[in-house]
Amino acid sequence: MIEVKNIYKSFRDKNILKDISITFEQGKTNLIIGQSGSGKTVLLKSIVGLHEVDKGQIIYDNKIFSSMKHVERKKIRKKIGMVFQGGALFDSSTVIENVMFPLKMFTEMTKQEMEKRAKFCLERVDLRDIEDLYPSETSGGMQKRIAIARAIVLEPKYLFFDEPNSGLDPKTAIIIDKLIKELTVDFNTVTVINTHDMNSVAEIGDNIAFIYKGRKWWSGNNEEIFTANNKELNDFVFATKLMREVRNFKLKN
Amino acid sequence: MNVLYQIGKYFYFLAKIFKKPEKRKIYLYLIFDEIDKLGINSIGIVFIISIFLGAVVTLQTAYNISSPLIPLWLVGLTARDSMILEFSSTIVGLILAGKVGANVASEIGMMRVNEQIEALEIMGVNSSSYLVLPKIIATVLFFPILTIFSMIVGIGGGYFSAFITDALPTDDFLMGIRYWFHPFYITYSVIKTLVFAFVITSVSAYQGYFVKGGAVEVGKASTRGVVYSSILILLVNVILTELLLK
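For the record, the sequence lines run as chains A and B. According to this note's numbering, the stretch in the first sequence is residues 1 to 253, in order. According to this note's numbering, the stretch in the second sequence is residues 1 to 246, in order.
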């Protein structure tokens, strides 16, 4: 479990996060949603320690991460897998080298063992026979899956996704969503997903936190969101005609 | 105030680079890779610059000696000492600041923009050490070799220009390059190159590492890396010359 308690974050004079408290549960997909510029990426980067919070606490399984020293944080970081918006794959390395990278850095495995593990993770995300390609030779959806394979290679306890479906077609986005859900259940991870993809909200939103102007404005799940009585949330989630029709259909049935 | 802040941040960055590496074996592999990318790949440009520098210095000196009282072998001596003392270290250093500095700043800058540096940090890897230390070690190890190579090629260029023109007899040139030789000049030049290599790589890496924004900012950071390291090379050149040749 990851607990975020009353965190504040500002850049120069601009307050980005204001008094945010959220609990992310294990074995569930925890979604952070909000408009562009609402502060959700800053929140995600603060949780993983890429930004230092000004005030408040970030707690990983009863250990206060936000006040840990660098060496202690390193131990937690080895249990974290993160998939960035653009994949953040190393473009001078092949697909298999990318997936093997954490193993090379943090384990004493032999090359054969590393290759076996990397291939297993690639197969787990439905990728085969692309080991020797470079990331630039693969599609956007493949790059996301390679990044997921790299994130799970050390069997993480905490998985973070920043906009996993951005730039993907709806069909590939559904595949990625399903994969995230399966991995969360299989590995029993605390999965935190930063998204503004409404399909993800409806499909895999076990827990949803809506961030509005740097504050947590609403929280619930993918059933409760359809009946929520919150103007800002409804303006955001049901901005499209399609989503409004989905809501009307859901409410009728 | 901003200058002081940047200097402080640069030294903090250096402190992070020289922290104990995660796995030495991996660093060893990376150093060889960087020697290939930053060092061996620079042999061509160093060869071209050095051969022409040596030729031009020889011809200019020869054509400027008009007094019959000055022996022609002084042309060879001048070309040799110019190459060893200044051209092979400082001028080649400035050229490498352009080539290697821009390469380092843009490579690291693009990694920052594409979140690859964040990805390394999340994994628990000391990104500054992992990305920059092998580059610094590689250039500090290989640039002195390039400098000595430049000296040889430059003097060879001088000989070649004497051979293909009627500026001076080649025997005079050969006599000049053997006359009154100070081995310490080579040591002085190599010491300068070691410092230049460190300055070029660390300053350019610093510019790339802290890039914010997109491709335009990466371009600006590369330019800053080249400009700042060139200025520092000229400054360090004066200081080291005063210290070592006094």
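In case anyone wonders, no lab produced these hints; they're calculated from the structure. One should not assume that every hint holds.
Unchecked claim - So, partial list: chain B residues that the calculated Cβ filter (under 8 angstroms) puts toward chain A: (1) 22; (2) 118; (3) 122.
Said to hold, decoys possible - The calculated EDC-like cross-link candidates involving lysine to aspartate or glutamate, where the alpha carbons are at most 16 angstroms apart (straight line), are: (4) 74/A - 22/B; (5) 23/B - 108/A; (6) 75/A - 107/B; (7) 220/B - 107/B; (8) 74/A - 121/B; (9) 45/A - 22/B; (10) 75/A - 22/B; (11) 157/A - 137/A.
From the three backbone atoms N, C-alpha and C, an ideal C-beta is built for every residue, glycine too.
Check your understanding: Is the Cα-Cα distance between residue 23/B and residue 108/A 16 angstroms or less?
Key -> holds (10 angstroms)
**Study point:** Restraint satisfaction for residue 118/B [CB to CB of chain A, less than 8 angstroms]
**Key:** Since chain A brings a Cβ to about 6 angstroms from residue 118/B, closer than 8 angstroms, the hint holds.
Review point. CA of residue 157/A to CA of residue 137/A, is that 16 angstroms or under?
Key: violated (31 angstroms)
Review point. How about residue 22/B: closest beta carbon in chain A under 8 angstroms, or not?
Key: OK, holds: residue 22/B within 8 angstroms of chain A, min 6 angstroms.
Check your understanding: Hey, residue 220/B versus residue 107/B, does the alpha-carbon distance stay inside 16 angstroms?
Key -> The given pair, whose Cα atoms are some 13 angstroms apart, holds under the 16 angstroms limit.
Check your understanding: For the pair supplied as a hint, residue 74/A and residue 121/B, is the alpha-carbon distance within the 16 angstroms limit?
Key -> holds (9 angstroms)
Exercise for review: Please work out if residue 45/A and residue 22/B have their alpha carbons no farther apart than 16 angstroms.
Suggested key: violated (23 angstroms)
Point to revise | Satisfaction of hint between residue 107/B and residue 75/A, Cα-Cα up to 16 angstroms | key: Not OK: residue 75/A and residue 107/B at ~29 angstroms, beyond 16 angstroms, violated.
Check your understanding: Would the pair residue 75/A and residue 22/B pass a check requiring their Cα atoms to be no farther apart than 16 angstroms?
Key -> Between residue 75/A and residue 22/B the Cα gap is close to 13 angstroms, so the pair holds against 16 angstroms.
Exercise for review: For the pair we were handed, residue 74/A and residue 22/B, check the Cα-Cα distance against 16 angstroms.
Suggested key: holds (11 angstroms)
Check your understanding: Is the shortest C-beta separation between residue 122/B and chain A less than 8 angstroms?
Key -> With Cβ-Cβ at 5 angstroms, under 8 angstroms, it holds.
When held up to the earlier numbered hints, the structure conflicts with 6, 9, 11 and fits the remainder.
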